[in-house]
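Single-letter residue listing:
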Amino acid sequence: MAASSTSGSGRDIGGSGGGLAAGEMEVEAYRRLFPLPFYERHLLDSVRPDARPLHRARDTSIALGPVASADGSALVKIGDTTMLAAIKLEVMTPSADAPDEGSLAIEFHMPPICSPIVRPGRPAEVAPVISKQLSDVIVSSGMINLKELSLISGKAAWMAYLDIYCLNADGSLFDAALLSAISSFSHLQIPLVSLSDDGRVVAVPGDLLEDKSTPELVNKERKLLLHSIPFSLTCILHKKYILADPTAEEESIMETSITVVLDSSERLVSIYKPGGSVLAHTSTVKDCIVLTKHRMKELQNILEDSLSAMEVV
Amino acid sequence: MGAMTVDRADGRSANQLRPLACSRNILHRAHGSARWSQGDTIVLAAVYGPKAGTKKGENPEKASIEVIWKPKTGQIGKLEKEYEMILKRTLQSVCLMTIHPNTTTSIIVQVFGDDGALLPCAINASCAALVDAGIPLKHLAVAICCGLTEGGSVILDPTRAEEQKIQAFAYLVFPNSPLSVLPSAPSAEDDAPIENGIITSVTHGVMPVVEYFNCLERGRAACAKISEFHRRSLESQVPVVARKQTFEVLWWPHTLTAWPEFHGFACNLSEADVLTVACCCMDMPRT
Chain A
1 MAASSTSGSG RDIGGSGGGL AAGEMEVEAY RRLFPLPFYE RHLLDSVRPD ARPLHRARDT
61 SIALGPVASA DGSALVKIGD TTMLAAIKLE VMTPSADAPD EGSLAIEFHM PPICSPIVRP
121 GRPAEVAPVI SKQLSDVIVS SGMINLKELS LISGKAAWMA YLDIYCLNAD GSLFDAALLS
181 AISSFSHLQI PLVSLSDDGR VVAVPGDLLE DKSTPELVNK ERKLLLHSIP FSLTCILHKK
241 YILADPTAEE ESIMETSITV VLDSSERLVS IYKPGGSVLA HTSTVKDCIV LTKHRMKELQ
301 NILEDSLSAM EVV
Chain B
1 MGAMTVDRAD GRSANQLRPL ACSRNILHRA HGSARWSQGD TIVLAAVYGP KAGTKKGENP
61 EKASIEVIWK PKTGQIGKLE KEYEMILKRT LQSVCLMTIH PNTTTSIIVQ VFGDDGALLP
121 CAINASCAAL VDAGIPLKHL AVAICCGLTE GGSVILDPTR AEEQKIQAFA YLVFPNSPLS
181 VLPSAPSAED DAPIENGIIT SVTHGVMPVV EYFNCLERGR AACAKISEFH RRSLESQVPV
241 VARKQTFEVL WWPHTLTAWP EFHGFACNLS EADVLTVACC CMDMPRT
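Chain order of the listed sequences is A and B.
Under the UniProt record's numbering, the first residue of the first sequence carries the number 1, and numbering increases by one thereafter.
Under the UniProt record's numbering, the first residue of the second sequence carries the number 1, and numbering increases by one thereafter.
If we strip away everything but chain A, and leave its shape as in the complex, we get (with noise of 0.2 Å):
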C-alpha cells in the first residue's frame, strides 16, 4: 500500500513492509497530501526535498554514440529524466529555392515508458510543443550551417533526421531534450561519400578508403563545425523563489516555468514562460539568465569531457 502510493518519490519504502520508521511514514504522507506546504518548508530553509539547494541543477551527464546504426547519437541524463538522441543523415535533392542548403528534421517523441501521464495510444500533449521548441532553437540559434550539408550544389545535400527520444520524463524536458541534440551533433560523423557511374550519391564503406581503385569523394570534411551552441535552463518561479531545474514533482506543484536559452557568446535564444500564476519582473528574469549563464558553463565543461573522452577511446 505504502509502496504504491509513494511510487513517485523514488524510494523504495515499502519494500520491507512492517520495518519502517513511524515518522518517515507521516512525512511521506504529508507529502502526499499537502504536497504544497511541504515544499514551502523546504524553501523556507531554502533547500528541496532532494537536498539540493534552490539554484543547482541536477546531476548531468553524457554518453556519446550509444546507437551504433545512427550516425551520431546521445544518451543524456540530468537526474532522472533521459533522453536519447539519434541522427541519421540521408541523401536528398535539396530545393529550388535553396540549392546548396541541406536540412533538417527534427522530431521529439514521448513513448507511453517514459511518464505515468502519457497512456498508450494517446500522445502527449506537450511533445508537439517541445518538437516545435527545439527545431525553432536549433534553427534560429545558427549553430548549423546548413551550407555546409550541402553535398553538389543543386543535385544533392545532405537531410539529417534527428529523433530524441524521451526514456524517463522527471522534469526539465526540454533542457534534456536540447542537450541531447548538441551533443548528438557534435558526435554526429558525416559518412563519406562519392558518385557512381550513373550519377547518384552512393556511401563509400570504410575498408575501401585506401584502394586506389576508389572513385573520387564528393565529401572530405567529416565533422560538423558547430558556431554558437545553445544551452538552456529551466526554472520554476514560487512565489519570491526560483529554483533551477525543476523535477516533474515540483513541475506539477508548482506551475511557473521560464526557460531561458542562452547561446556560447550569451545571445538570448529564448526566454519561454507560457503563463503561469506567478509573474515573472525584470529582476527575476534577469536572476533566471544569471543562472543560465552558471548552467551554460557546467554544461560546456561536461560537454567537453565527453567529447574528450571519445577521442581517447
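Just so you know, these hints were derived from the structure itself, not from any lab.
Where hints are given, some of them may not hold.
[As the list claims (entries may be wrong)] Partner residues are not named here, just some residues of chain A that face chain B (Cβ under 8 Å, in silico):
#, residue
1, G142
2, R267
3, L268
4, K273
5, L279
6, A280
7, T282
[Unchecked claim] Cut-off 30 Å, straight-line C-alpha distance, at most; resulting in silico cross-link-like pairs (DSS-like, lysine-lysine):
#, chain 1, residue 1, chain 2, residue 2
8, A, K240, B, K225
9, A, K132, B, K70
10, A, K220, A, K286
11, B, K78, B, K51
12, B, K55, A, K132
13, A, K239, B, K81
14, B, K62, A, K239
15, B, K165, A, K155
16, A, K77, B, K78
17, B, K165, A, K240
18, B, K55, A, K239
19, A, K147, B, K165
20, A, K147, A, K132
21, B, K138, A, K240
22, B, K56, A, K239
23, A, K297, A, K239
24, A, K293, A, K240
25, B, K70, A, K239
26, A, K88, B, K78
27, B, K225, A, K239
28, A, K286, B, K165
29, A, K88, B, K81
30, A, K240, B, K62
31, B, K138, B, K81
32, A, K147, A, K239
33, B, K72, B, K55
34, B, K81, A, K132
35, A, K132, B, K165
36, B, K81, A, K77
37, A, K132, A, K297
38, A, K286, B, K138
39, B, K225, A, K286
40, B, K78, A, K147
Just so it is clear, CB atoms sit at the ideal spot from N, CA and C, and this is done for glycine as well.
For this one, chain A is given, so just place chain B on it according to the hints.
Using the frame of chain A, we list chain B on its own:
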C-alpha cells in the same frame, strides 16, 4: 524615439500599433464571443462554459480551460498546437480558477486573417471573449508583439512581411494595470506594480540580452495603451445606467479622441455582464 527612425512599409513609426478594433457578443449561440483585429490580423474567439466536469488528467478541484485553435485553412500542425498550449496557460493565469471547480470552459479561436502578431491578437480576442461570457477574471491579459530589426531598433506590432524580415521578435503578455476603487493601501508591501510582471514571454530568433529588456519596456508601454483601449471598448458596450448603479465612485474621462471606432453592438445587459463589469472594475480609468 525621435532619434530612431525606422522605415516601415505602411508608414508607421516604430512605436505605432496598427488600428485596433474589438466587437463583442457577435455570436448568438456562444456564451461569449469577441472579434479582435489589429490591421489585417483578425481573430474571432468564442467561449462556451463553464460546462460541468473536467477532462481526465485535469485537477477537478479547479476550473479547467480548453483551447481549440482553428487556423484559417487546413489542419492544425505543431505551430498551432504550441499556440493552443501558450494560450491555455496564459488564460489559466488570468482566470479565477477556484470559483467554479470541476467545470470546463472552452475557448474556440478562429483565425480570419494572419498579417503578423497572430498569437498576441488571439490572446487579446480570447480575453475580450472571456469578459463577454462573464467568466471571473483576476485581471485582463494584454498581448503585444515586439520585433527587433537587423539595425537593432525595436518595432511594435509587426506585420507578416516585417516578421519575416526582422532578426528576432518577442510575444509578450502583461496584466493590465489595476485601478481599484479602494485606496491602494494593501499593495504597499509589494514593491513592483503588477503590470510590470510578465505573464507570458515567447521569443523567436537570437538577440542580445539588453535588447530583450528594451523590448520589454516598449512592450509594456504599448500594453498600457492596449489595455486602455480594452477598457474603453468594454465601457462603450455597457449601458451607462448599469455603470452608474454599480460604481458611482468612479470618475469617467471622456477623451475618446485618438482611438479608432469600435464596431460595438448594443447588447441587452444580463446578469453575467454586470458580474463581468464588477470583475473588471479593477481596471477602470482613473486619470
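**Item:** In rising order, the numbers of the hints this structure does not comply with
**Value:** 10, 17, 25, 32
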